[in-house]
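Chains as they are written, first to last, in full-length UniProt numbering: chain A, 1 to 256; chain B, 1 to 369.
Everything labelled a hint here was simulated from the structure, so no lab data went into it. Be careful, since some hints might not be right.
What the hints assert, rightly or not - Cut-off 16 Å, straight-line C-alpha distance, at most; resulting in silico cross-link-like pairs (EDC-like, lysine to aspartate or glutamate):
(1) A:K25 - A:E148
(2) A:K191 - A:E157
(3) A:K191 - A:D154
(4) B:K85 - B:E56
(5) B:K310 - B:E335
(6) B:K85 - B:E245
(7) B:K210 - B:E130
(8) B:K327 - A:E73
(9) B:K231 - B:E56
(10) B:K116 - A:E248
(11) A:K43 - A:E248
(12) B:K165 - B:D66
(13) B:K322 - A:E73
(14) B:K322 - B:E335
(15) A:K14 - B:D128
(16) A:K237 - B:D121
(17) A:K59 - A:E89
(18) B:K85 - B:E253
(19) A:K139 - A:E163
(20) A:K139 - A:D154
(21) A:K134 - A:D152
(22) A:K43 - B:E105
(23) A:K235 - B:D66
(24) A:K133 - A:D152
(25) A:K109 - A:D152
(26) A:K14 - B:E130
(27) B:K2 - B:E18
(28) B:K327 - A:E65
(29) B:K327 - B:E130
(30) A:K235 - B:D121
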Amino acid sequence: MYLRPRVIPCLLLKNNGLVKTVKFKDPRYLGDPINAVRIFNEKYVDELAILDIVATKEKRSPNLELLSRIAAEAFMPMCYGGGISTLDEVKIILGMGFEKVVINTSAVKNPMLIQEASGHFGSQSIVVSIDVKKNFFGKYRAYINCGEVATDYDPAELARKVEQLGAGEIFLNSIDKDGTMSGYDLGLIKKVSESVGIPVIACGGARNVDDLSMALHNGKADAMAAGSMFVYYGKHKAVLITFPNEEELIKAGVFT
Amino acid sequence: MKEYQVCNRCIMDTSDSEITFDEYGVCNHCRNFDENIRPRWFPNEQGQQMLLSIVEKIKQENKNNDYDCIIGLSGGVDSSFLAYKAVQMGLRLLAVHVDAGWNSEIAVRNIENICKKLNIDLYTHVVDWEEVAEVQRAFLLSGVANQDTPQDHAFFAGLYNYAVKNNVKYVLSGLNFATEGILPASWGYMAMDLKQVEGIYDRFGRKPLKTFPKVSLFKYLVYYPYIKGMKVIAPLNYMPYDKDEAIKIMAKEFSWQYYGGKHFESRFTKFFQAYYLPAKFGYDKRRAHLSSLIVSGQLTRQEALIEIEKELYPIEQLQEDKEYVLKKLDLTTQEFDEIMKSPNKTFRDYPSNHYLLEKLRTIRGLLKK
Ligand SMILES: [Zn+2]
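With the sequences and hints as input, model every part of the structure.
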């Protein structure tokens, strides 16, 4: 049996549609989320991440109606993030069948939520996402509010803090790399994963299976998420849902 | 009520309300195939020569362009095999896929395999799903048989509009007489008739359409071909095209996979052809398809009669697909049952350019003589 680190397609929601961003900007419409989830289902992906990229910005709670329709369609473990700010929302979303929730803005603004949620539902179901951008001086900074508001936190420091609060996993998203298909920020991934004991999911920049392998072996990530790589094909960035098969992942050294 | 009758040559029957039979019990579709289609069909040496010169002309005209032609790729048998053949003939293709929100996993995997193995560039036009759903919902509420119109119109409009916008003159089409030579007019309606799309949408749609791909008959029949120089070529009519053989070749060459049933690469089309049409109208599209294969010499009538007896839609699968389709189109089971029970409508019950098209056909017929 192979050792199988998780490879996670990361799907972004805007209103009722699926989109893909570049550096958290210019969302391009990709189609119906329900159909996309169904296709990933049939491709037997291990896990799926669904992130609503406008909920927090629009100061609204998660679109529960859409989420329940997505949950009904999926057989694989899924996590949801975007606009979660109360314990009640965590409860409802986990109740729908999502395995984990992803919390970003509230993890900084209301750290007690992480503590309470992990106390109630277990650390394994609470993921904190850390969106990272380099500032003017080349220093990594954690961002909140859909990547629009800088915090004073260094990502590794914030990761350590939420680990102590009870987060079970870190979803580490590089804003600078997002949608660029230029490879992961391996330095960032390594820095954060070496500062915490909980699993770190790397996201942002993947273009192919070799990048997944680099994030795993050089970046010391525990799991690799990617958007563009699983929804775009070729030089015209044609929208086409794809997922590497076992053979390709073995060959690239992701499964060992 | 007409007495039930099946054609002695193909297996078309009186489920086509407009079918007629001659003194030998042979239907009008068979006659139409012999008289109007066979003369335009070249599955032989002559076709090969004709195609060769067309391809040479395309290459010559496009030697300074990035692509020789555009091909619409759905992941289905016809378009996939066409892509394979076109690459073999040395054409530099840009594949255009119009995604209307119903792709199956097999369809997207086929497209990926074709493009990767044959080294074809791909462009995807993703149609706003909420608009597609609204148009399809409107069509279902209208009770017409031609439920494939919204998707087909979006596919062709998306393809043609893209070709003209990007100045690619040649569009390769997977249409072919070998598998599509027989299709009763009463079972469907021309998807290119925008007046029908908009006429039905005006009555049953709920919000304005902003981005749904449209092409008017004027653009399609006059402006695009005569002013913009767009030419639609159907190469499969210039070669022997045997579907089973094509599937075997493609499975071997690029792991192409069959999805069971003509046009079942779209989840909606499957539900529409295997349930809505037979249950509401008594039309079994397999009958036309199998009859096409008989007259084109790919299947014996005996084989077709055995094939048509096979179960159209296993009940569990129907239930699952029905639930999925209704949920996606925002229709309740009650609303859908109501549609199924309501009187059947035809395209003639709504605005269309049918009259104009018939006139054009007559004029063209007269000009040919
Ligand atoms: Zn006949």
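Hint check:
1. A:K25 - A:E148: holds, 10 Å
2. A:K191 - A:E157: Within the cut-off at roughly 10 Å; holds.
3. A:K191 - A:D154: With Cα atoms ~11 Å apart, K191 of chain A and D154 of chain A stay inside 16 Å; holds.
4. B:K85 - B:E56: Given pair K85 of chain B, E56 of chain B holds - Cα atoms ~15 Å apart, limit 16 Å.
5. B:K310 - B:E335: With a Cα-Cα distance of about 30 Å, the restraint between K310 of chain B and E335 of chain B is violated, given a limit of 16 Å.
6. B:K85 - B:E245: holds, 13 Å
7. B:K210 - B:E130: holds, 11 Å
8. B:K327 - A:E73: With Cα atoms ~11 Å apart, K327 of chain B and E73 of chain A stay inside 16 Å; holds.
9. B:K231 - B:E56: holds, 15 Å
10. B:K116 - A:E248: Roughly 14 Å separates the two Cα atoms, so the pair holds.
11. A:K43 - A:E248: holds, 14 Å
12. B:K165 - B:D66: At roughly 15 Å apart (the allowed maximum being 16 Å), D66 of chain B and K165 of chain B satisfy the hint.
13. B:K322 - A:E73: It holds: about 14 Å lies between the C-alpha atoms, which stays within 16 Å.
14. B:K322 - B:E335: Holds - the C-alpha atoms of E335 of chain B and K322 of chain B are around 13 Å apart, at most 16 Å.
15. A:K14 - B:D128: Holds - the C-alpha atoms of D128 of chain B and K14 of chain A are around 13 Å apart, at most 16 Å.
16. A:K237 - B:D121: holds, 10 Å
17. A:K59 - A:E89: Distance ~14 Å between K59 of chain A and E89 of chain A Cα, so the pair holds.
18. B:K85 - B:E253: At roughly 12 Å apart (the allowed maximum being 16 Å), E253 of chain B and K85 of chain B satisfy the hint.
19. A:K139 - A:E163: Answer violated: K139 of chain A to E163 of chain A is near 22 Å, above 16 Å.
20. A:K139 - A:D154: holds, 8 Å
21. A:K134 - A:D152: holds, 12 Å
22. A:K43 - B:E105: At roughly 7 Å apart (the allowed maximum being 16 Å), E105 of chain B and K43 of chain A satisfy the hint.
23. A:K235 - B:D66: Holds: K235 of chain A and D66 of chain B sit about 13 Å apart, inside 16 Å.
24. A:K133 - A:D152: Cα-Cα ~12 Å, so holds.
25. A:K109 - A:D152: Given pair K109 of chain A, D152 of chain A holds - Cα atoms ~12 Å apart, limit 16 Å.
26. A:K14 - B:E130: At roughly 13 Å apart (the allowed maximum being 16 Å), E130 of chain B and K14 of chain A satisfy the hint.
27. B:K2 - B:E18: holds, 11 Å
28. B:K327 - A:E65: holds, 12 Å
29. B:K327 - B:E130: holds, 12 Å
30. A:K235 - B:D121: holds, 7 Å
In summary, the numbered hints that this structure violates are 5 and 19.
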